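Using the sequences and the hints, build the whole thing.
Keeping their order, the protein sequence lines are chains A and B. Just so it is clear: in the first sequence, position 51 is 51 by UniProt numbering, and no numbers are missing. Just so it is clear: in the second sequence, position 225 is 225 by UniProt numbering, and no numbers are missing.
These are calculated hints, taken from the structure and not from any lab test. Check before you lean on any hint, since a few could be wrong.
[As the list claims (entries may be wrong)] Beta-carbon label-pair distances, calculated as ranges:
1) B:106 x A:201: 41 to 49 Å
2) A:221 x B:21: 54 to 62 Å
3) B:192 x A:316: 30 to 38 Å
4) A:316 x B:105: 56 to 64 Å
[Claimed, not checked] Part of the chain B face toward chain A, derived, beta carbon under 8 Å:
5) 19
6) 48
7) 51
8) 77
9) 78
10) 269
Note that the structure is a prediction, hence the values are computed from the model and not measured. Backbone N, C-alpha and C fix where the C-beta goes; we use that ideal spot for every residue, glycine too.
There are 2 protein chains.
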Amino acid sequence: MAKPGKVTLSDVAKAAGVSSGTVSNTINRPESVADATRRRVQAAIRQLGFVPNEGAARLRSGSSRLLGLVVPDIASSFYAEIAKGVARRAEEHGHAMLLFDTGDDLDREVRQLETLARHRSIGALIAPRMADERHLRRLRALDMHLVLIDRPASEHDGCSVSIDDVQGGRMAARHLVALGRRRLAFVAGPVGVPQAERRLQGFRDAVADEVSVEPAVVHADSSDFLGGGEAARALLAMDPRPDGVFCVNDQLAVGVVNELTRAGLRVPQDVAVVGYGDTSVARSASVPLTTVRQPMSDLGRAAVDHLIRESEGVAESRMHHHSSTVFQPSLVVRESAPLPE
Amino acid sequence: MAKPGKVTLSDVAKAAGVSSGTVSNTINRPESVADATRRRVQAAIRQLGFVPNEGAARLRSGSSRLLGLVVPDIASSFYAEIAKGVARRAEEHGHAMLLFDTGDDLDREVRQLETLARHRSIGALIAPRMADERHLRRLRALDMHLVLIDRPASEHDGCSVSIDDVQGGRMAARHLVALGRRRLAFVAGPVGVPQAERRLQGFRDAVADEVSVEPAVVHADSSDFLGGGEAARALLAMDPRPDGVFCVNDQLAVGVVNELTRAGLRVPQDVAVVGYGDTSVARSASVPLTTVRQPMSDLGRAAVDHLIRESEGVAESRMHHHSSTVFQPSLVVRESAPLPE
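Structure below.
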């Protein structure tokens, strides 16, 4: 049966023939202890199997070496990739990551931040479901360091990390135009998703620069491959039929490709299709997808750096200036919209 | 700037006109405090914005209300789904989840468990990359409660939760036989993955019960859709060609379906294909996959229950008996191997 904590700091001090303060210094500020003494203490720590107690260390130092990541759905590959970057980067800084899944519940999100405060987390990286001012005020009232993930900085007077969705839309448009496509269409799920709206904005702007005809816009009932099938049927009914389609995510794009193929059209010869996200379905699609890749892991790592900079700066009474990091997406070219020969 | 912890328990006690002990009781054992007093203390807590310190509470009670989840790759949908179940269930128990990604590094895995011990976590749920006895001994030497995830109990003298892979293989075989398929094949990635071997064992056993011919076994260089393409080319070269194929994961199955289709065969008419996992690619495949679904979220929830039962039992000096929970998978029938008409 496990009984962590049964060996105490004083046991180690006694065994090494030093004071408890020296043991503590060996653990927390090894450079302040003479080499021979430090080695003696470290040997005693190993021999007795002593595990320093972070809870006690925290009460003295005020720092928990814990940080929180709060996301709407950890089972979605977007947030799972971010979590991977956060976990790895936190570890490099000597911190551990507490992960919370809000399941899109605003009240739960607030309770989870309260839990993080109780654990004296240095702060939270949060992708709030609603980035409206009222909800963010509620979160900020909890008086902890918050770094917003995947939300533009203007919505938050704090640090933030995001990926340039407008630029992603522009990239998709420019690629389709470079392939010679002129009858363009944009496919998304339900109206009102901010990321989708920013991608549409970039797509529209870049199309307007190059082509005289406005792109068609199709909204499906769902943002998955079923929605893609539904959107494809709408595209097939258009006259003239689009020859270049940009979908706001890969699942929609796979649904579009499958349905167009079923209707006897060839992708990319008749219709070129571009997805978004470079998720696993993009690579394994029957026609592998050209898609916009987002640096999720980098995003997670940068979010950790922002939070640690803020919390250490404030702890050391240095002036902290909030900042935002915006990553550029990149285009991955595959068969659904290949490079011109 | 955030300064969590500036309001103390004594501030609340002063404001409410009670002792610090009463404030502590109101937080930890509300049922022991008279209604009127409790309401007065709670009002003071709200008014002052007091946040109880879990670190201090932990030093008194010995319980951190933290538990760890240690997985090889949080970006894989299998572990991300488990994490979702663990996070939700931990929360229901009033615990928070520390998540670690080992990235398949055995030494990192040990260091992460040490970190969990330092944070006085009640224990860890762990899907160790290597479930060999030597590595498990190393983990158990850390003297903390461990619940093994997705590893059979025999490999661990502790609690475990897993999904019956042998049964999953049996289900796939029985379904293909029920469809009238007699020339069966099994497709996996590299040799030596224990889960794949258990699925093959179940598949073989069930085939032997019903069909006189041994199934063909194909191993590809990778366990993804590229490996599936490679396996499909091997299947196409066989004489007689298999008419029913079971793949150990959905990515392989998608690769098989795409390559068979490219070669002019019809799925399921010429070859029925069954995948494993019911991941997102199963639903969005050009021919949606019949596949074996695993209850990942239930697995995560059960793992939390095992850990809490063990840690509370030991803390209260009750006898703890290790136990294993084995979940049954289920078959999801779609177009790649539909029910007989």
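Each hint tested on the structure:
{"no.": "1", "hint": "B:106 x A:201: 41 to 49 Å", "result": "47 Å, holds"}
{"no.": "2", "hint": "A:221 x B:21: 54 to 62 Å", "result": "58 Å, holds"}
{"no.": "3", "hint": "B:192 x A:316: 30 to 38 Å", "result": "51 Å, violated"}
{"no.": "4", "hint": "A:316 x B:105: 56 to 64 Å", "result": "33 Å, violated"}
{"no.": "5", "hint": "19", "result": "21 Å, violated"}
{"no.": "6", "hint": "48", "result": "12 Å, violated"}
{"no.": "7", "hint": "51", "result": "5 Å, holds"}
{"no.": "8", "hint": "77", "result": "7 Å, holds"}
{"no.": "9", "hint": "78", "result": "10 Å, violated"}
{"no.": "10", "hint": "269", "result": "16 Å, violated"}
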